[in-house]
Amino acid sequence: MENIASIIDILGTIAFAISGVITATKKRMDLFGILIIATVTSVGGGTLRDLLIGKSPVSWLLDSTFVYIIVLTTIVGIIFRKQLRYVRRSLFLFDTIGIALYTVTGVEIALLINLDPVICVALGTITACFGGVIRDILCNEIPVIFRKEIYASACIAGGALYVILHHYGIAPGINAILSGLLVVIIRTLAVIYEVQLPSIYSKSEL
Amino acid sequence: MENIASIIDILGTIAFAISGVITATKKRMDLFGILIIATVTSVGGGTLRDLLIGKSPVSWLLDSTFVYIIVLTTIVGIIFRKQLRYVRRSLFLFDTIGIALYTVTGVEIALLINLDPVICVALGTITACFGGVIRDILCNEIPVIFRKEIYASACIAGGALYVILHHYGIAPGINAILSGLLVVIIRTLAVIYEVQLPSIYSKSEL
Amino acid sequence: MENIASIIDILGTIAFAISGVITATKKRMDLFGILIIATVTSVGGGTLRDLLIGKSPVSWLLDSTFVYIIVLTTIVGIIFRKQLRYVRRSLFLFDTIGIALYTVTGVEIALLINLDPVICVALGTITACFGGVIRDILCNEIPVIFRKEIYASACIAGGALYVILHHYGIAPGINAILSGLLVVIIRTLAVIYEVQLPSIYSKSEL
Numbered sequence: 000m001e002n003i004a005s006i007i008d009i010l011g012t013i014a015f016a017i018s019g020v021i022t023a024t025k026k027r028m029d030l031f032g033i034l035i036i037a038t039v040t041s042v043g044g045g046t047l048r049d050l051l052i053g054k055s056p057v058s059w060l061l062d063s064t065f066v067y068i069i070v071l072t073t074i075v076g077i078i079f080r081k082q083l084r085y086v087r088r089s090l091f092l093f094d095t096i097g098i099a100l101y102t103v104t105g106v107e108i109a110l111l112i113n114l115d116p117v118i119c120v121a122l123g124t125i126t127a128c129f130g131g132v133i134r135d136i137l138c139n140e141i142p143v144i145f146r147k148e149i150y151a152s153a154c155i156a157g158g159a160l161y162v163i164l165h166h167y168g169i170a171p172g173i174n175a176i177l178s179g180l181l182v183v184i185i186r187t188l189a190v191i192y193e194v195q196l197p198s199i200y201s202k203s204e205l
Numbered sequence: 000m001e002n003i004a005s006i007i008d009i010l011g012t013i014a015f016a017i018s019g020v021i022t023a024t025k026k027r028m029d030l031f032g033i034l035i036i037a038t039v040t041s042v043g044g045g046t047l048r049d050l051l052i053g054k055s056p057v058s059w060l061l062d063s064t065f066v067y068i069i070v071l072t073t074i075v076g077i078i079f080r081k082q083l084r085y086v087r088r089s090l091f092l093f094d095t096i097g098i099a100l101y102t103v104t105g106v107e108i109a110l111l112i113n114l115d116p117v118i119c120v121a122l123g124t125i126t127a128c129f130g131g132v133i134r135d136i137l138c139n140e141i142p143v144i145f146r147k148e149i150y151a152s153a154c155i156a157g158g159a160l161y162v163i164l165h166h167y168g169i170a171p172g173i174n175a176i177l178s179g180l181l182v183v184i185i186r187t188l189a190v191i192y193e194v195q196l197p198s199i200y201s202k203s204e205l
Numbered sequence: 000m001e002n003i004a005s006i007i008d009i010l011g012t013i014a015f016a017i018s019g020v021i022t023a024t025k026k027r028m029d030l031f032g033i034l035i036i037a038t039v040t041s042v043g044g045g046t047l048r049d050l051l052i053g054k055s056p057v058s059w060l061l062d063s064t065f066v067y068i069i070v071l072t073t074i075v076g077i078i079f080r081k082q083l084r085y086v087r088r089s090l091f092l093f094d095t096i097g098i099a100l101y102t103v104t105g106v107e108i109a110l111l112i113n114l115d116p117v118i119c120v121a122l123g124t125i126t127a128c129f130g131g132v133i134r135d136i137l138c139n140e141i142p143v144i145f146r147k148e149i150y151a152s153a154c155i156a157g158g159a160l161y162v163i164l165h166h167y168g169i170a171p172g173i174n175a176i177l178s179g180l181l182v183v184i185i186r187t188l189a190v191i192y193e194v195q196l197p198s199i200y201s202k203s204e205l
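Chains as they are written, first to last, in numbering that gives the first Met the number 0: chain A, 0 to 205; chain B, 0 to 205; chain C, 0 to 205.
If you are wondering where the hints come from, they were derived from the structure by calculation, not from laboratory data. Be careful, since some hints might not be right.
Since the list gives no way to pick out one identical chain from another, each pair is judged satisfied if it fits inside one copy or across any two copies.
What the hints assert, rightly or not - Here are the simulated lysine-lysine pairs, DSS-like style, with alpha carbons at most 25 Å apart:
(1) K81 - K26
(2) K26 - K54
(3) K25 - K54
(4) K147 - K54
(5) K81 - K54
(6) K147 - K26
(7) K25 - K81
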């Protein structure tokens, strides 16, 4: 169980780093820029969560494994950047599993320090989504999840399920699997059926 | 007195959240994006202040009332977004009272931990202004207060008055009212008479 | 030695503040905007480092000297902004000495709390570079160091040297001079010979 979580964590980190490499190379950044964007995409959400709850030093400072993984992923990603478009489907899988795991981790940490249920869900969502938000800001784009992704809604639903099951005394391991699965299912269905959040804008506004 | 402060605090939160809704809907964000922008506009300044002084968890994690107010305001704001332009005048009042309160709160917290007077004024101004700054950055705009608003100057003046009156032993309650009023008066007069900071640019530069 | 470090620190602060003034006036910001950009450029990197390692309140809150220096530099910089282009060469010197010092300081602080060597180098680089990154984001630009500056690579090299010499027991004072010199030399040579990071993009991609 512990091992599976670690493997998923590593796959998630890789998927997030690659999404950073893709965005940064589109902006024609240099090596250093790409590395920073890959790092920020991977560790940004967890870092913001740690800052908000006052956990210091923030997690990635204490475990350089992830920094090595990100550096390696960036180098491999740059070399094979033209092939990346062909593996986007597999990347999507890693990425989705990654946000599911990050959501669950974020909610768990927030529950541990007895925050309000709504705040716990918010922290889970921040952990999963804000790496991508910071990536987009550093690339001078309006964050993509603010405009057309069902991404965040999947995290909110999964986070809420975790809080509810936790309230009814479900064991953390089973809870993590069920809530994580919900994130994966919603996100996958949303992409397959091209579901977006219902638009609040009338046609004349667009 | 306590009650009045709470009511002003809530009105300020609502006004800030609505300014977030207005900015986010202009950018055609989806529901989730609008909610994030509304939240960031409301709690961003206080969050940055808390991070800088090391207060953790940051305030809004410990009081979900504000999260509920922001969610509710966002929903109501989206439904009535076309009518929002007609109430901008009343919003302006809430907003101005809000920044006055945020300035005073920020300065008070900084004085409590014995920071230098200049730093106290800076923290009051950050509390009042940086929610809007983060809102504009997330919306991919240069922050409006860096370009044409007398906003920040009003906060600096009110913050400075608070520090001076505090130095002369004026009671916090009276001090808050006087300093807050100064913020409100400067901001209101600036808007009525369309005062901006004196331009440092010659005509040939613009 | 202590005095020299203080003088270099002040010169670095001035150089960073001026680079903020130059960027902000290009964007036609008002007085307040220019002041904020100058401040953020000067203290942004150290602030981010302090937040990440959990040092609070962050350094500049505890020493208002730097705030006064920044305010003064901003005023002088605005008055003489047309002349600034003629002194850019001297500014370059201060700026380079500044990033050398900031890199060394960042690495030293990270070593003190026993972080992994790679993380120490990362924190040194963040201290030196992220003031400029935040400046560019607030000005709605893609950070310049992500695209064409050898800036960050010089910091990484100097930071790595510091960690290595520290490992071999070299005294901090001598280590700081040697590692700082490496940053200065790489950056200066890079600018003189117009060296950039090798481009990862083929001509057809640009």
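How the hints compare with the structure:
| no. | hint | result |
| --- | --- | --- |
| 1 | K81 - K26 | within (15 Å within a copy, 32 Å between copies) |
| 2 | K26 - K54 | neither (33 Å within a copy, 34 Å between copies) |
| 3 | K25 - K54 | neither (34 Å within a copy, 36 Å between copies) |
| 4 | K147 - K54 | neither (32 Å within a copy, 35 Å between copies) |
| 5 | K81 - K54 | neither (39 Å within a copy, 42 Å between copies) |
| 6 | K147 - K26 | both (20 Å within a copy, 12 Å between copies) |
| 7 | K25 - K81 | within (11 Å within a copy, 36 Å between copies) |
When held up to the earlier numbered hints, the structure conflicts with 2, 3, 4 and 5 and fits the remainder.
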